[in-house]
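Q: Chains A and B, in that order, give the protein sequences. Taking the working numbering, the leading residue of the first sequence gets 181, the next gets one more, and so forth. Taking the working numbering, the leading residue of the second sequence gets 157, the next gets one more, and so forth.
Derived from the structure by calculation, the hints contain no laboratory data. Glycine included, every Cβ here is placed at the ideal spot set by N, Cα and C. One should not assume that every hint holds.
Simulated restraints on C-beta separations [as the list claims (entries may be wrong)]: (1) Lys613(B) with Lys316(A): 48 to 58 Å; (2) Ala251(A) with Thr518(B): 48 to 58 Å; (3) Ala288(A) with Lys613(B): 31 to 41 Å; (4) Arg377(A) with Gly345(B): 28 to 38 Å; (5) Leu283(A) with Gly317(B): 35 to 45 Å; (6) Arg377(A) with Pro245(B): 45 to 55 Å; (7) Lys316(A) with Gln603(B): 38 to 48 Å; (8) Ala328(A) with Leu580(B): 46 to 56 Å.
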Amino acid sequence: MPNAFRNIAALLGVIVAAACVGACGKISSTDPAENIVLTTQQLAMKNYAQNCSACHGANGVNGAARQLADANYLASVGREALINITTNGVSGGFCPGSGPASLAQWDAKQVADFVDGMLEAWGKNGVALSIPWSVKLAPAGNASNGQAVYAATCQSCHGAPNFKGVTGAGSVTDPNYLRLITDQGLRTAILFGRPERGMPGWSGPFPHQAADRKLSSQEISDVVAFLRSTASQKQ
Amino acid sequence: MFRTIKNIGIKMVGGLLGWTESRSGVITFVQPILTHRVPRDAKWWYVFGSASLMFFSIQVVTGILLATMYVPSAAEAYSSLQYIDQQVPFGWMLRALHAWSSNAMILMVVIHMSQVFLHASFKFPRELMWMVGVLLLFCTLALAFTGQIMRWDQDAYWGLGIGAAIVDRVPMLGNQMRNVMLGGPYIGGATLSRFFALHVFVLPGLTIGLIGAHMALILKNGISEMPKPGMVVDPKTYVAQYEERIKKTGVAFMPDAAQRDMVFCGLMLIIVGLLAAYLGPVGPNGIPNPTIIDANPRPDYAFLWIFTAMALMPPQIETAVLLIAPPIVVLALLGLPLISNRGERAPSRRPGAVIAYVLIATALGTLTWLGVVSAWSPVMDAWTSMPTPPQYLVGRTPLEMQGALVLQHSQCRNCHSLGGQGGLRGPNLDNVGSRKSWDQLVRQVQQGGGNMPAYGKNLSSAETTAVVAFMTTLRNSGAPESNIPGAMERQSSPDQAPKAVASEAGK
Chain A
181 MPNAFRNIAA LLGVIVAAAC VGACGKISST DPAENIVLTT QQLAMKNYAQ
231 NCSACHGANG VNGAARQLAD ANYLASVGRE ALINITTNGV SGGFCPGSGP
281 ASLAQWDAKQ VADFVDGMLE AWGKNGVALS IPWSVKLAPA GNASNGQAVY
331 AATCQSCHGA PNFKGVTGAG SVTDPNYLRL ITDQGLRTAI LFGRPERGMP
381 GWSGPFPHQA ADRKLSSQEI SDVVAFLRST ASQKQ
Chain B
157 MFRTIKNIGI KMVGGLLGWT ESRSGVITFV QPILTHRVPR DAKWWYVFGS
207 ASLMFFSIQV VTGILLATMY VPSAAEAYSS LQYIDQQVPF GWMLRALHAW
257 SSNAMILMVV IHMSQVFLHA SFKFPRELMW MVGVLLLFCT LALAFTGQIM
307 RWDQDAYWGL GIGAAIVDRV PMLGNQMRNV MLGGPYIGGA TLSRFFALHV
357 FVLPGLTIGL IGAHMALILK NGISEMPKPG MVVDPKTYVA QYEERIKKTG
407 VAFMPDAAQR DMVFCGLMLI IVGLLAAYLG PVGPNGIPNP TIIDANPRPD
457 YAFLWIFTAM ALMPPQIETA VLLIAPPIVV LALLGLPLIS NRGERAPSRR
507 PGAVIAYVLI ATALGTLTWL GVVSAWSPVM DAWTSMPTPP QYLVGRTPLE
557 MQGALVLQHS QCRNCHSLGG QGGLRGPNLD NVGSRKSWDQ LVRQVQQGGG
607 NMPAYGKNLS SAETTAVVAF MTTLRNSGAP ESNIPGAMER QSSPDQAPKA
657 VASEAGK
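Generate coordinates for the entire structure from the input sequences, incorporating the hints supplied.
A: In C-alpha cells form, the structure reads like this:
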C-alpha cells in the first residue's frame, strides 16, 4: 500500500510540474486569447498579411502589384495619399481598398493606424523624390517627345512600339495592358521602376545610355502620353 | 517527543475514522468497492473507462468554476467569455482545460466503447452495462453540442440554426419541436437560457446518474476478462464459471488495477494540460450576427462527420436520411447486446464484427478528415491573404503581371490553389498552362462550366486576355512546350494570333 501511495504522489508531482511548465510557456509565448496588445506596427503587418499580401507580396515585396516595402516610394506618395489609397483603393486599378465601403470595412482610425504602422515598418529614412509622384501635379505630356524618350530609354527591353511579344521585359504597348493600367500606374512604374524585377526607375541606369542619364518629370509625362497614343491608334 | 505527537496524531485520525464509521458505515460500504476482485489479465485495455470518468470529473470542476463567471444571456455571453479569457487570472487556462478535456472525454469514451465492442464485453451478463454506456455516449455528445452553444459565437449560432433546421423537418411536429428547442421560432435569448440549463443542470445530472448505474453494474457483474478464442459465453454456465475463475486468479481492484488506471489517467491529464496550455481555449470565434455573411462556421471535431455528410449528400435524400438514420443508429447501438449476447468473444472468431468496426471507423474518420479540409467550401479570404507565389512572377511581361492581379482580384484563388495555397473546390492552377490551350482557357473563364461560374460578364476582354496570358505561363517546369498536346506557344495577347485579330475587327 505505501508503494501505491508513493507512486501516486510521484505522479501528482509530475502532473503539477508539467502544468507549471505549460502555464509558464504559455505566458511567455504568444497568447491564444490574444490579450497581448499589438503595437501599431504589428497590427498593421497582421492586417497587411490578411488584406494586401495577395497582390503586393508577402512582407511587401515580390508581389504582382507594386512593392510597398520601399521607403522612398512611401515617402514620395506621402501619408495623406496612402490613406486615400488604403481607404478607396486605386480607381481604375485592381486595388479594392479597405475603407468603410469595402469588404474589410475599416473606419478612418483603422486606416490611419494601418498606414502609420506600414510607414513605421517600411518607411524609415525614406526620401521623397523631387519629381512629383501624382499625375495631378505632373506636367502635360507630349506624345511625339515621348516617342523619342521611349526609343532611347525603354525600347531596348520593352521592344519597339509595334512589338507585342513576350521576349525581353515584354511589351508595354500591348493595348490590353494599356487598358488595364492607369496613367498614374504608368507614371509610378516609370518613376520608381520595379527594383525587385530589375527595372530601373527615373534615375536609370538605362541600357546603352550614359550612366548619368535621368528622366525628368516632363519626360515621364511624355512617355505616358506616348504609350496612351499607341493604344488609341490601335483602337 | 516526535513519537508522542505521532501517536497522538494516529489516535486522533483513528478516532475520527472510527467515529465516522460507527455513525455512517462508510468504510464498510467503500471497502468492498475498492477491493473487489478483477481478472488478473485486465491490463492496459481496461483504462479507458476510468479515463472517461476522470475527464468527466474535470469537466464538473472546471464547469462549476466557469459557471461562476459566465453570463448566460444572449447579450453578455460573448463578452463574459472575453472577460474570462483576458481579465480573470488564468481564466483562459480554465476555458482551455474545459474545452480540451471535453475533446479528450469524447475520445476516451469512443476508445472505451471500441474496446468493449471488439472484445464483445457487452455479451451476457453485461447487456445492461452496454446500454447504459450507449446512453452515456449520447449524454457525452449532447454535453459537447450544448457546450459548443455556450460559446455563443458564429459556430454556435450556425450550429443551432442547422440543429433547428433538422428538427424542423420532422413531419407534423417539426415546428413545435423547433419552438421547444429554440424557445420560440428564432434563435434568441431564450435559446441560450434553454441550452445553458441543459448543459449545466439536466445533462450533467443525467450523466452522473447513469455513471452511478454503470458503476453499480460493474460491481454486480464484474469486469470482463480478456477474450480468448474458444472461451464461449453461455448464459447458463457463465456466471458460475466467472466467479470461480475470479476467486482463483483474480486480484483486488485497489491497488493492482487502480494503479494502472492512475498512471494512464495521469498521462492523459498531462497531455490535456499541455494541450490546454499551449493551444489555449477554443473560440469564441466571430460574434454571432446573422448579417455577417463571410462567417465560416465549423462544428467541433465530434460533429464534423455529420457536417461533411450533410455537405456531400444529394439534397433530395437529406430529409429521408435525417429522419431515418438517427433512430436506426440508436436502436442498433442499444439493441446490439440483445441480438448477440452469447458465443465467442475473441475478435479472431468474430470477423463480421471486426469488419463492421473497421468500416464504421474508416467512414467516420474519412468524413471527419473531409470536414477538416472541407474541399467543397471556398477559402473566402484566399484572394486577399495568399500571395501569388513569387516564382510564378519571375520574368513575366507587364500584361501577364496584370493577369496575376486579375486572378487575385477576381477571387479565382478562393476555389483554385496556387503553390498549395487556396481553395480546393476547383483544380489547382499550378500547371494549368500545360493542361489547356489559350482558347480553352478563354472559354473556361468566360463561360465557366464543371461547377465554375461564368466570368464573361465580370471581366472585360482585356482582363480576360491578361488572366489567360498569365495562366498560360503556369506550366510544369521542365515539361517541353512542344510535347504538350493542344498547348499553344506562350503569347502576350490575342492580337498576335490571326484568329483573335479577326474577331476583334469583327466587333
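Q: Now, for every hint given, state plainly whether the structure supports it.
A: Structure-based check of each hint:
1. Lys613(B) with Lys316(A): 48 to 58 Å: violated, 33 Å
2. Ala251(A) with Thr518(B): 48 to 58 Å: Cβ of Ala251(A) to Cβ of Thr518(B): about 57 Å, so the range 48 to 58 Å holds.
3. Ala288(A) with Lys613(B): 31 to 41 Å: Holds, since Ala288(A) and Lys613(B) (Cβ atoms, about 34 Å apart) stay within the stated range.
4. Arg377(A) with Gly345(B): 28 to 38 Å: At roughly 57 Å between Cβ atoms, Gly345(B) and Arg377(A) fall outside 28 to 38 Å, so the hint is violated.
5. Leu283(A) with Gly317(B): 35 to 45 Å: violated, 23 Å
6. Arg377(A) with Pro245(B): 45 to 55 Å: Given range 45 to 55 Å: holds, Cβ gap about 52 Å.
7. Lys316(A) with Gln603(B): 38 to 48 Å: Hint holds: Cβ distance 41 Å, inside 38 to 48 Å.
8. Ala328(A) with Leu580(B): 46 to 56 Å: holds, 52 Å
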